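Protein chains: 2
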Amino acid sequence: MGKQEEVKLLGIWASPFSRRIEMALKLKGVPYDYLEEDLENKSSLLLALNPIHKKIPVLVHNGKTIIESHVILEYIDETWKHNPILPQDPFHRSTARIFAKLVDEQIVNLGFISLAKTEKGRDVLIEKTRELIKCLEKELAGNDYFGGKTVGYLDLVAGSMIPFCLERAWEGMGVEVITEKMFPRYKKWVKKLEEVEIVRDCIPPREKHIEHMNIMGEKLKSV
Amino acid sequence: MGKQEEVKLLGIWASPFSRRIEMALKLKGVPYDYLEEDLENKSSLLLALNPIHKKIPVLVHNGKTIIESHVILEYIDETWKHNPILPQDPFHRSTARIFAKLVDEQIVNLGFISLAKTEKGRDVLIEKTRELIKCLEKELAGNDYFGGKTVGYLDLVAGSMIPFCLERAWEGMGVEVITEKMFPRYKKWVKKLEEVEIVRDCIPPREKHIEHMNIMGEKLKSV
Chain A
1 MGKQEEVKLL GIWASPFSRR IEMALKLKGV PYDYLEEDLE NKSSLLLALN PIHKKIPVLV
61 HNGKTIIESH VILEYIDETW KHNPILPQDP FHRSTARIFA KLVDEQIVNL GFISLAKTEK
121 GRDVLIEKTR ELIKCLEKEL AGNDYFGGKT VGYLDLVAGS MIPFCLERAW EGMGVEVITE
181 KMFPRYKKWV KKLEEVEIVR DCIPPREKHI EHMNIMGEKL KSV
Chain B
1 MGKQEEVKLL GIWASPFSRR IEMALKLKGV PYDYLEEDLE NKSSLLLALN PIHKKIPVLV
61 HNGKTIIESH VILEYIDETW KHNPILPQDP FHRSTARIFA KLVDEQIVNL GFISLAKTEK
121 GRDVLIEKTR ELIKCLEKEL AGNDYFGGKT VGYLDLVAGS MIPFCLERAW EGMGVEVITE
181 KMFPRYKKWV KKLEEVEIVR DCIPPREKHI EHMNIMGEKL KSV
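Those sequence lines, one after another, are chains A and B.
Quick note: the first sequence, position 129, residue 129 per UniProt numbering, numbers continuous.
Quick note: the second sequence, position 121, residue 121 per UniProt numbering, numbers continuous.
Isolated chain A, as found in the complex (with noise of 0.2 Å):
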């Protein structure tokens, strides 16, 4: 990488979507510039690089602005191509995109509405939250992650959104989801996941992640 390569990235320390991509960019060994976002006071330069969506994250790579988290993953692997993040087969890479999209489409609405309810309302979303999560469990059977023997693109989406976000708010709120009982592949793959270094150099730290989320969960209430 030459020395005059700019890479920064605009994200938020709570965020798994900004976090997948700090793992993605340590994975590569790609050196960055990280500026911390406050949604409730957007920096000027936020709104001038995504005036769409106003959104984090925003990778910008020598002057060149990428937005949504699943769109900069595919760019970083193109660009950076060793240590692939995708795997190399068409098949297992469209598995992984179909799966990522249902951790960040599903299984992310289902969590997040979750916090907002009383007991009754979330109940039922969590068992629907379960069903989902049983897709993940089956996808992991003979492997110690997604990627195989090695994190690849689901480990990053999905780890940075389930185990280090959606369950600790869950856990703020007294309910534990996913049991070592239901689901002992995927309490595995998190067991594997906190020993990698770049994943575990991007996991927000955990007392203060739980009390973010559930002050995320009041205000989701009070909507």
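No lab work stands behind these hints: they were computed from the structure.
Treat the hints loosely; a few may be bogus.
[What the hints assert, rightly or not] Simulated pairs of lysine-lysine, DSSO-like, Cα-Cα distance not exceeding 27 Å:
#, chain 1, residue 1, chain 2, residue 2
1, A, Lys-101, B, Lys-28
2, B, Lys-55, A, Lys-138
3, B, Lys-64, A, Lys-55
4, A, Lys-42, B, Lys-138
5, B, Lys-28, A, Lys-128
6, B, Lys-64, A, Lys-64
7, B, Lys-128, A, Lys-101
8, B, Lys-55, A, Lys-134
9, B, Lys-128, A, Lys-54
10, A, Lys-28, B, Lys-101
11, A, Lys-8, B, Lys-101
12, B, Lys-64, A, Lys-134
13, B, Lys-187, A, Lys-101
14, B, Lys-26, A, Lys-128
15, A, Lys-101, B, Lys-64
16, B, Lys-138, B, Lys-101
17, A, Lys-128, B, Lys-55
Source: prediction; values computed, not measured.
Start from chain A and add chain B according to the hints.
Relative to chain A, chain B alone:
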């Protein structure tokens, strides 16, 4: 391509999500069997192949199942590498993917909700839709297609969705959302698209489609 290749597509004649897959297969010259689905009465094959989402399009290639139209387009491009659909440069690839998301998430949502509204509510949504279509108009500067000199990823995604689906729905309601005066490049692009054989072959029949979209709009209103 070996004689033993099996390529099957489950779709719906009026759906931009499966029409764009047909365009891509034709662009690559890949022969395929097309199976028409009925959303009111889903086939057991569809339910077996896509048990989580139960949605079209579904591509089956030599026994492997791929779902989600963006994921299928990437799979097709990675499996049959001639006549590339996505640009080669990582940044241009990311731009095509970001705009494809803009079309299929934001523009579609606004467009379809507008079908369900009374005149006043509709006008607000249509104005918002125009704001987003301005981004596409800008992107077409100096180019025949989003793909440059030939049709590519974003042409298939936006083409199947906007001129040959949403605009027909608006036309059925008697509303002109995208005018020549506001969007001259877009209008030129649609004319060019209609000249491309693989696109023209996959455009749903006009009158039947407008009628279909009218019925959909009425159904949405009664929800």
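Here's how the hints hold up against the structure:
Note on Lys-101(A) and Lys-28(B): the hinted pairing holds, with a Cα-Cα distance of about 26 Å set against a maximum of 27 Å. A distance of roughly 21 Å separates the Cα atoms of Lys-55(B) and Lys-138(A); the hinted pair therefore holds under the 27 Å criterion. Of the pairs offered as hints, the one joining Lys-64(B) and Lys-55(A) is violated, with about 36 Å between alpha carbons and a cut-off of 27 Å exceeded. With a C-alpha separation of about 25 Å, the suggested pair Lys-42(A) and Lys-138(B) falls inside the 27 Å cut-off, and the hint holds.
Restraint check for Lys-28(B) and Lys-128(A): the C-alpha separation of about 39 Å exceeds 27 Å, so the hint is violated. A hinted pair counts as satisfied when its Cα atoms are at most 27 Å apart, and Lys-64(B) with Lys-64(A) does not qualify at roughly 36 Å. Between Lys-128(B) and Lys-101(A) the alpha-carbon distance is near 26 Å, which keeps this suggested pair within the 27 Å criterion. Only pairs whose Cα atoms come within 27 Å are accepted, and Lys-55(B) paired with Lys-134(A) is accepted, the gap being roughly 19 Å.
Between Lys-128(B) and Lys-54(A) the alpha-carbon distance is near 16 Å, which keeps this suggested pair within the 27 Å criterion. For the given pair, Lys-28(A) sits about 26 Å from Lys-101(B) by alpha-carbon distance, which is consistent with the 27 Å threshold. With a C-alpha separation of about 23 Å, the suggested pairing of Lys-8(A) with Lys-101(B) holds against the 27 Å cut-off. Distance restraint check for Lys-64(B) and Lys-134(A): the Cα-Cα separation of roughly 21 Å lies within the 27 Å cut-off, and the hinted pair is therefore satisfied.
Straight-line distance between C-alpha atoms of Lys-187(B) and Lys-101(A) comes to about 33 Å, which puts the hinted pair past the 27 Å bound. A hinted pair counts as satisfied when its Cα atoms are at most 27 Å apart, and Lys-26(B) with Lys-128(A) does not qualify at roughly 39 Å. Taking the CA atoms of Lys-101(A) and Lys-64(B), the gap is about 19 Å. The hint holds against a cut of 27 Å. With a CA separation close to 17 Å, the supplied pair Lys-138(B) and Lys-101(B) stays within the 27 Å bound.
Straight-line distance between C-alpha atoms of Lys-128(A) and Lys-55(B) comes to about 18 Å, which keeps the hinted pair within the 27 Å bound.
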